[in-house]
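S.K.: Here are the chains, one letter per residue:
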Amino acid sequence: MREALEGSQAIARAVSLCEPDVVAAYPITPQTHIVENLSKLVADGDLHTEFVSVESEFSAASVALGAAAAGARAYTATASQGVLLMAEVLFNIAGLRLPMVMTVANRAVSAPLSIWNDHADSMAVRDSGWIQLHAASNQEAVDTTIQAFRITQQTELPVMVCMDGFILTHTMEPIDLPSIDEVRAWLPPLEFDRQLDPEDPRSVGMLVTPDFFPEVRHSHHTAMRKSLEVIETTDADFAQAFGRASGGLLTVEGDVTARVGIVAMGSTVGTLQAGMAHYAAEAAGPALLIKLRSYRPFPARALRDAVRGLDTVIVIDRAISPGMGGILGTEVAAVLAGMPDAPKLVNHALGLGGRDIPETIYSDLLAAIRDPDAPAFSVFDADMEKLPPEDR
Amino acid sequence: MSDETRLTELRQKFGRQPAAPDETTGAEPTPREAQPRFRGLESGHRACQGCGEALAARLVMECAGPDVMVANATGCLEVFTTAWPESAWRVPWAHSLFENAAAVASGMEAAMKARGRNTKVLAFGGDGGTYDIGFQALSGMLERYHNVLYVCYDNEAYMNTGIQRSSSTPHAATTTTSPAGRERMGKRHLKKDLLSIIAAHHIPYAASASVAFPQDLQRKVRYAMGIDGPTFLVVHSPCPLGWRHESRLTINVARRAVECGLFPLVELERGSLTNVMPIRDQRPVTDYLQLQGRFAHLFGDDPRAQQKRDHLQALADYNVQVYGLTGAGPDPADTGGAAAVGRSGVAAGRR
Ligand SMILES: Cc1ncc(C[n+]2csc(CCOP(=O)(O)OP(=O)(O)O)c2C)c(N)n1
Ligand code: SF4
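Protein chains in written order, with the numbering used here: chain A, 1 to 392; chain B, 1 to 351.
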């Protein structure tokens, strides 16, 4: 049924449809509306779950960890400083290979303090071993949340659903929410073999000596690589059941004759789509838009296939690694390395700390590749006039 | 070695499975094995000889299990009982991090509630994981009223990382981060009165216990297990390595801590003091201090040594006074009476 819903409200409803046993969360802008909406669903008796209102994000993640270990379907949500406060627990959850779902309402990380969107938070825990899926729209965020519960059960890898703070979380859109019966039919009950159970006592989280540690990491990496297929088939299966897909690992759209590709994640994709619709016929020219949905695991092969034959690939980052450059850009460069006739790579950070990305960015990005003096990486929308000369 | 051989060797190695646990020897069970007590924590782990924490955990498990699950903080107990693929635990047991045992336990308890199970959740931490870094998660767990028994094994320092001071380390004790020297006489600060802070959460039950009084300890565990709500037990658990006393003296050292008044055994319900173990004959604190190397500097020529001993005596006397630890004559429940009780009955009267 289609309803006009705010992004956060839609996520709360989607989580509720998946009937988690335990929800633990702590408020932080711009995730707050998700927790508030979930609390209201519980208060109204529309969601029967153990809702644990913890005293910190650190405990939110820890409660979810304990619940998952004890065989519960667990959920949490956070953003920004909350992600960083959780960091130690996030690595732990993934290392224990516990199934759970977390929404990250992507927000910049302090200092300077900013409540607005970029991807520095989820990027900071990129190597924690969680699956990270980025939603480009609220409908995708809703559908990806439901899919995430199935992916996590199948892979025993925790899944982070990333959605841009404010841009998505606080935007009202018509959303198609499935019915609870449809979700029940599609999402099997959680059966977690390694759950803590007095009938079959086992120890989890034991000390592991160097005799076994590399094997643990290797199998985690293998599980992540294998989850590429699960993410793809889950989306396909979802499309069959509900009539719409969320973009598998990545999707490619635009003019197939284009010589330039743009790789982006999250809501930037929507802005670029709109820009392309307006300006592709003008001086800017056509481009292939590559929407990356699965950031971890990184779909290297699919990305190589998507850019094969292009002259230039522009990679948009919404986070930077100071001293290196764009994070996604660096990874795409690694994936293209060694590829015969690899396209030239251009990397820009955009929209850091919530700087608005206008539709005209499409033309600006395409115009910039014609500049022979352009640096390999730039914070594209930084206004040098605002900086003292020595900082430019 | 040829590349080929090396490769075959590596392949074999990568396919290697963890060793299967040893077959049982078929030998007669030892008297301890033949005892009908539930053993949630097995022997054969890697604790030091005379480890008070190992003893305390075994005593707790005996009367808590088997329908329990444990969330264990990082620390000695976690490390000496595991090391993949071996585990000394016979109950479901999870270790996550140093500072989140109470929160992990909260999640386990929420899962049990959501799934309609009655399995009791226990959380274990050392004093570092409880008084210091895990304090916030513990306070949150108590305030949210989770049905969890939290047991703090108090060995008064971070032992697992090599004896560093915690907020539970007693005044004047030396540790590697509160050493004695020309300028300092060990730890400058006081032992945190955690139990009062815990009691201020007005939880149903909070108590202190000691490995020197196992029957009293187990009674407290049983009582806490029967309560549907948050309960807390701090168990004084000597660490021969960190306190620098002989391994065989663990029980003696623990008993003297109680008998001198430095570690009072008390019970608080909903924030009010409801019971104490009276001290039959209060010992001077020096009887306790002199058994341990961590207080050795208090017995040298340094003029400040006497001052520190007096300070510790005053702290003990203060406990005796505020908790009313002076008994009204010999009593089976006082330190003299309780010490005469073994785990199988009154020691003095045993066959
Ligand atoms: C966040 C974090 N900081 C530091 C450590 C290192 N560490 C592991 S155990 C430990 C001390 C444990 O002390 P305590 O809780 O008193 O338990 P004990 O070993 O004495 O039983 C420390 C500092 C850690 N594991 N995690
Ligand atoms: S160091 Fe102390 S607490 Fe740790 S195992 Fe040894 S005796 Fe026990």
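Just so you know, the hints here were simulated from the structure itself, not pulled from any lab data.
This one's a predicted model, so the numbers in the text were calculated from it and none came from an experiment.
Even for Gly, the Cβ is constructed at its ideal location relative to N, Cα and C.
Mixed in with the good hints, there may be bad ones.
[Stated by the list, open to error] Every beta carbon over 12 Å from chain A, so not counted as near; a handful from chain B, in silico:
id, residue
1, LEU59
2, THR74
3, THR82
4, ALA83
5, GLN136
6, ALA137
7, GLY140
8, ARG248
[Unchecked claim] Here are the computed distance ranges between Cβ atoms for each label pair:
id, chain 1, residue 1, chain 2, residue 2, range
9, A, MET324, B, ARG117, 20 to 26 Å
10, A, VAL208, B, GLY324, 58 to 64 Å
11, A, THR171, B, SER196, 30 to 36 Å
12, A, VAL208, B, ASP301, 22 to 28 Å
S.K.: All hints, please: hold or fail.
M.R.: Right, here's what the structure says about each hint:
The claim that LEU59/B lies off the interface holds: its Cβ sits roughly 19 Å from the closest Cβ of chain A, which is beyond the 12 Å cut-off. Its closest Cβ contact with chain A, about 9 Å, brings THR74/B to no more than 12 Å, contrary to its assignment away from the interface. Annotated as non-interface, THR82/B brings its C-beta within 12 Å of a C-beta of chain A; the closest such distance is 4 Å. Listed as outside the interface, ALA83/B is inconsistent with that label: its C-beta sits roughly 5 Å from the nearest C-beta of chain A, within the 12 Å cut-off.
Taking the minimum C-beta to C-beta distance to chain A, about 6 Å, the non-interface status of GLN136/B is violated against the 12 Å cut. For ALA137/B, the requirement that its beta carbon stay farther than 12 Å from each beta carbon of chain A is not met, with the minimum near 5 Å. With a cut of 12 Å on Cβ distances, GLY140/B falls inside the contact zone with chain A, its closest approach being about 4 Å. For ARG248/B, the shortest C-beta to C-beta distance to chain A comes to about 28 Å, beyond the 12 Å cut-off, and the non-interface label holds.
Here the CB-CB span from MET324/A to ARG117/B is close to 49 Å, at odds with the stated 20 to 26 Å. Roughly 49 Å separates the CB atoms of VAL208/A and GLY324/B, a value that falls outside the hinted 58 to 64 Å. Taking 30 to 36 Å as the suggested C-beta distance range, the pair THR171/A and SER196/B does not conform, at roughly 50 Å. Checked against the hint of 22 to 28 Å, the pair VAL208/A and ASP301/B fails, with Cβ atoms roughly 49 Å apart.
Checked against the numbered hints listed earlier, the structure breaks hints 2, 3, 4, 5, 6, 7, 9, 10, 11, 12; every other hint is satisfied.
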